[in-house]
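Peer 1: Residues per chain, in single letters:
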Amino acid sequence: MKKFGKILALCLALVMVVACFTACGDKTPEEEGSKEAAAVKVGFIFLHDEQSTYDKNFMDAAKKACEEMGVEYAQRTQIPESKDCYDAAVDLIETDGCNIIFADSFGHESFLIDAAEKYPDVQFCHATGTQAHTAGVANFHNAFASIYEGRYLAGVAAGLKLNEMIDAGKITADKAKMGYVGAFTFAEVISGYTSFYLGAKSVCPSVTMDVKFTGSWYDEQKEKEAAQALIAGGCVLISQHADSMGAPTACETAGVPNVSYNGSTVAACPNTFIVSSRIDWTPYFKYMIQCVQDGEAIKADWTGTIKTGSVVLTDVNEKAAAPGTAEKLEEVKGKLLDGSLQVFDTANFTVEGKKLDSYKADVDTDEKFEKDTEVIKDGIFLESDKRSAPYFDIRIDGITLLDENYG
Amino acid sequence: MAKSNEIKHREPLFHVVKRDDMPQWQAWLIRCATILIGFLLVGILSMAITEESFGDTYQIIFSGVFGRLFEGRTTMLWKYLQEIAILLCLALALTPAFKMKFWNCGAEGQALMGGLASIFCMINFGEKLSYPALIITIIVTSIIAGAVWGVIPAVFKALFNTNETLFTLMMNYIATQIIAYYVYIEGGGSNVINPVAYGNFPAVGNNDYFVNIVTVAAITVFMYIYLKYSKQGYEISVVGESQNTARYVGINVKKVIIRTMLISGALCGVTGMLLVAGKDHSINTNLVGGQGFTAILMSWLGQFNPFIMVVMTAIVVFLRIGVAKVADTSHLNSSFSEIIVGIVILMLVGCEFFIHYSIKFRHSKKEVKA
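Line by line, the protein sequences give chains A and B.
For the first sequence, position 169 (counting from the first letter as 1) is numbered 169 according to our numbering, and the numbering increases by one without interruption.
For the second sequence, position 202 (counting from the first letter as 1) is numbered 202 according to our numbering, and the numbering increases by one without interruption.
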């Protein structure tokens, strides 16, 4: 035990030495910035780090928004969907003096709400969550974007590519089958692939689609294998809703066109990348910072759109895309902007051969996952209207689910 | 040079000799020096990559681990102690098995099953039972769940002499899939179980982790006494040294293997319970987060002595949290912290090698050239 004491003494000595450093060289900001309304410091909580395209998309936007607004920020990466999220929020508030906390993953939500209840003076914002409109915690807010519009546009580009293949005689119209690699069989993914499919169908009426799920938001190997299986199954174009480079690189190797997500993959896939849709979070980050600076309340549910600059497409890769794609996308985008085109217009799809007149979606989170809210009005499925996170979970005709995966 | 001559005198460049003669104080000096060098290296590597000064690097590390402790804010200190407690509890759970030379690589799965029992009780009995009854149910079921998951490979080992390393590893995957399925059922379509309000361990003085930390402290003392002073602890050592000797002196080896794995699994189950009832109040497949494997190293580095394990886990968790903060502050990839912690652990393992073995080089210069 004597030796044990020695180590202890050494460790303590080390603690003391560094304690001196800490005490002398203190450069942390002054007391929690509540004196001035304008003093904002944002704390970001990320599920992974920039190796995941999902988190990188948030991290890039965080940097850009904070630089443009001239505010400080701190971040914590690799925060699991557990009490660690709560602890990270507390750390960001108490150690770094942040007065806005943002977390980027669905499973962070409940823990963030706990933190929001403990720190009523701090604003908590959360992407993809569903509980803000029912939780009754005034300083907790959800945000998402109408990414289904972006996917619809990407689908149009895919449909044009299919038409080009049909015209060139590479495939016949009835062989126009797309493949889609999804993460989980959740509304967020279903809403995404359905809008993508509807976009393609709007220009290529004979299109069908196969969907495979990986059961993970980020699993490069599984995504690659799923894409390869879809290609082997006769899919002539692939898109994905998962965060790794698995599907795009599988497509590049096989020479199959790919519509990407979360950002351009043209550098790795110069011959097959057509276009990519993504959510740009910069407008939301700026909005929440502005609100706190002005002392105004942040909306409980905020849905970014093409108009707010939240839903964006990358440049079209002329090498892989069909000629005239960029022009056509501009035209469709204009229609989406002026409201003359609705993605989930019930006239454009059928369920088991029938048109939908009424549908109840699970909008309010509860233990039994009851379908509680009517979401079809005047022939339009109102996605992201009752709350920001998607709730379109209908299986429409023309799309075949090869498997299902709920995690 | 004549070939036959060379063969005659061939001696390897160096050879490794086991040594038992190093005095304890010297061994500890080497360990402390290694730790110090490790800490210096952490600072220097961070400096090189982040362009912060050495002092600033350590200031960031300390603020990451202790937050604003010097301004009287203890939240982060408690968080640090909690992280130590969990890793330590897993290491303690593995120790009796390792001492018996039973390679339990299944701490991850055993803890997951303990956690599953906890969350199951919290969800299903939360409204029906009174708080004390619920807590007792959680404790009992978690211990049983972990023990069952641990004892299955032990029974196969005792009866059929199966390979316990593979067996326990495979049991991890089964446990993970069971949790994934349970989360799917309870999460109803989403892969998230929202925190359950029932059966949470109480916060003591605004501190959520007090119960966990005290529990693990008690287990540490218990394990020290159990291994060092109890008859069962002695039996474990004998079986670990030589099963034949154990049989010769009349120890029922099968019984010891099964009993020890019951304890090992039960303590892993307790860890799962601490994570679910004492921390997350929810569960997902990432509950233990790979710590079941880090714990194997902790047990070895602690030389199966619970009190040394406290120091080792404290160092490793300190680096893990602190260097992660350095990475976040400098916007580095999180691999940075994993690499740094990996280097220090490797150094610690390496120093054990040099304590137990010495390297003898070939003497003649000529021969070295040849």
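Note that these hints are calculated values from the structure, not bench results.
Quick caveat, the model's predicted, so the values are computed rather than measured.
Think of the CB as a built atom: it goes at the ideal place given N, C-alpha and C, for glycine as much as any other residue.
Any given hint could be a false lead.
[As the list claims (entries may be wrong)] Chain A stretches covered by chain B per the calculated footprint, using a threshold of three residues with CB under 8 Å from any CB of chain B:
#, region
1, 162-168
2, 283-289
[To be verified] Quick list of in silico lysine-lysine cross-link-like pairs, DSS-like style, CA-CA up to 30 Å:
#, chain 1, residue 1, chain 2, residue 2
3, B, K228, A, K371
4, B, K157, A, K118
5, B, K231, B, K157
6, B, K157, B, K360
7, B, K18, B, K255
8, A, K386, A, K371
[Said to hold, decoys possible] For each label pair, taking beta carbons as the anchor points, the in silico distance ranges come out as:
#, chain 1, residue 1, chain 2, residue 2, range
9, A, E374, B, P202, 40 to 46 Å
10, A, A267, B, N286, 26 to 32 Å
11, A, A326, B, G342, 54 to 60 Å
12, B, G290, A, D397, 41 to 47 Å
Peer 1: Could you run down the list of hints and mark each one as holding or not?
Peer 2: To see whether the hints hold, each was checked on the structure:
1. Counting residues of the region 162-168 of chain A whose beta carbon lies closer than 8 Å to any beta carbon of chain B gives 0, which falls below the threshold of three, so the coverage claim is violated.
2. Three residues within the 8 Å Cβ limit are the bar, and the region 283-289 of chain A against chain B gives 0, so the coverage statement is violated.
3. Of the supplied pair hints, the one linking K228 of chain B and K371 of chain A is violated, its CA atoms being roughly 60 Å apart against a limit of 30 Å.
4. Distance hint between K157 of chain B and K118 of chain A is unfulfilled; the C-alpha atoms sit about 50 Å from each other, more than 30 Å.
5. Of the pairs offered as hints, the one joining K231 of chain B and K157 of chain B holds, with about 23 Å between alpha carbons and a cut-off of 30 Å not exceeded.
6. Only pairs whose Cα atoms come within 30 Å are accepted, and K157 of chain B paired with K360 of chain B is rejected, the gap being roughly 40 Å.
7. Restraint check for K18 of chain B and K255 of chain B: the C-alpha separation of about 33 Å exceeds 30 Å, so the hint is violated.
8. Distance hint between K386 of chain A and K371 of chain A is fulfilled; the C-alpha atoms sit about 13 Å from each other, no more than 30 Å.
9. For the pair E374 of chain A and P202 of chain B, the beta carbons lie near 43 Å from each other, so the given range of 40 to 46 Å is met.
10. In this structure, A267 of chain A and N286 of chain B meet the distance hint of 26 to 32 Å, their C-beta atoms being roughly 31 Å apart.
11. Separation of A326 of chain A from G342 of chain B is about 48 Å and departs from the stated range, judged on CB atoms against 54 to 60 Å.
12. Range check, G290 of chain B to D397 of chain A: Cβ separation about 44 Å, and the 41 to 47 Å hint holds.
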